[in-house]
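2 protein chains.
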Amino acid sequence: MKELSSLDQMIEALRRLPGVGPKSATRMAYHLLQHDREGAQFLGNAMLNALQQIRHCGSCNTFTENAVCDTCADASRDTSILCVVESPSDQLMIEQTMTYKGLYFVLMGRLSPLDGIGPQDIYLDKLIRRATDGVVEEIVLATNFNNEGEATAHYIGETLKAKGLKVSRLARGVPVGGELEYVDPGTIARAILDRKST
Amino acid sequence: MKELSSLDQMIEALRRLPGVGPKSATRMAYHLLQHDREGAQFLGNAMLNALQQIRHCGSCNTFTENAVCDTCADASRDTSILCVVESPSDQLMIEQTMTYKGLYFVLMGRLSPLDGIGPQDIYLDKLIRRATDGVVEEIVLATNFNNEGEATAHYIGETLKAKGLKVSRLARGVPVGGELEYVDPGTIARAILDRKST
Ligand SMILES: [Zn+2]
Ligand SMILES: [Zn+2]
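Chain order of the listed sequences is P and R.
Residues in the first sequence are numbered consecutively from 1, following the UniProt record's numbering.
Residues in the second sequence are numbered consecutively from 1, following the UniProt record's numbering.
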């Protein structure tokens, strides 16, 4: 079998990116070679550098270049409350609300038995060690509200409640600014069941 | 201003890829770091290696690792006819029809005055030198059948006819507005057979 050319290897490598098929990978490779060789250099260096530099935060499990990430190292955060999210992006969304001052644990995924993603893949042991450090009092489960996120929240919640921790879940309901006409019936049903007295 | 972290640099680098926005770039970076570090390594190495190895064919202008590409070096091709295409993908589509035995010239783009892409950006001087080598008798213009491709074909056609060359254009079996990369080989084959002198 003929060895792959440098160009073929470049296209194969780009196909490893999620959501990139053979046509896109080919288009990307041609674009970089023809119009943005500097970008290709930047991409190559950034990949190799990131692999060397980036590890998981020893405390919250997010990506960081240090033993502990900036958020975990921030002495002004409330250490008694731990918010469990699926990804760094979800953590960022919560940070942007400016309403949460506790710490985080980033699962880097969600339980998905059909895809072979079990408790060890979402760092459950690390989460248990973190949550039972004697300082954390409450866990806020902020996984997504789809099937897998709900199942993940349920599994983690039961596990941590068995360790004597207080566990809560983000409230569900009609989005702020949401018009009932455009909200799905499942959300409205949940909002009715979870109604709060005013 | 704070220096970009390795992760931010990785995301910035992925955004240089055509069609990749901030959300996709972030998702790609997390995926590679979390689930495919080997893929990230492959991508990094493939980029840097490609930049070192890949140059333009001295004859047809396509990407190659040698002074002259495999197609141009193939002694069985008909050297009297030269097919002008916009990209290596378009050349590949024509090759797949198995109906064309001549050689190619790859413009690596098309004229687009609004984007500042002029004759020098599509290697017109190199094409003229190639086409006037005394061996080439006919030029088949196989640029795309959209506005820019047609304008490019017209411009090149007039230039080469002024040099005394016979110039033809793929027949309009290709749908108007269609891009070669997305047309079935049968249609392209018919268009080659029906090519018309211009
Ligand atoms: Zn951390
Ligand atoms: Zn060539």
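Please note that the accuracy of each hint is not assured.
Taking CB as the label site, the calculated pair distances span [stated by the list, open to error]:
hint, chain 1, residue 1, chain 2, residue 2, range
1, R, G21, P, V176, 51 to 61 Å
2, P, I192, R, P18, 42 to 52 Å
3, P, A171, R, P18, 51 to 61 Å
4, R, H31, P, D78, 28 to 38 Å
5, P, H154, R, Q52, 50 to 60 Å
6, P, A67, R, N147, 52 to 62 Å
7, R, D70, P, Q34, 39 to 49 Å
8, P, S89, R, D125, 13 to 23 Å
9, R, D70, P, P113, 28 to 38 Å
10, P, L92, R, S112, 46 to 56 Å
11, P, D184, R, H31, 34 to 44 Å
If you're looking for bench data, these hints aren't it; they were derived computationally from the structure.
We treat Cβ as the ideally placed atom computed from N, Cα and C, and that holds for glycine.
Going down the list of hints, with the structure as the test:
A beta carbon spacing of about 26 Å between R:G21 and P:V176 contradicts the range 51 to 61 Å that was offered as a hint. For the pair P:I192 and R:P18, the beta carbons lie near 47 Å from each other, so the given range of 42 to 52 Å is met. Hint check: P:A171 to R:P18, Cβ distance near 41 Å, so the stated range 51 to 61 Å is violated. In this structure the hint that R:H31 and P:D78 lie 28 to 38 Å apart at CB holds, the actual value being about 31 Å.
At about 52 Å, the CB distance of P:H154 to R:Q52 agrees with the hint of 50 to 60 Å. Between P:A67 and R:N147 the beta carbons are some 57 Å apart, a value that agrees with the proposed interval 52 to 62 Å. Between R:D70 and P:Q34, the C-beta spacing of about 19 Å breaks the proposed range 39 to 49 Å. Distance hint check for P:S89 and R:D125: the Cβ-Cβ separation is about 49 Å, which falls outside the suggested range of 13 to 23 Å.
Taking the beta carbon of each, R:D70 and P:P113 are about 48 Å apart, not inside 28 to 38 Å as hinted. With their beta carbons about 38 Å apart, P:L92 and R:S112 fall outside the hinted range of 46 to 56 Å. Here the CB-CB span from P:D184 to R:H31 is close to 29 Å, at odds with the stated 34 to 44 Å.
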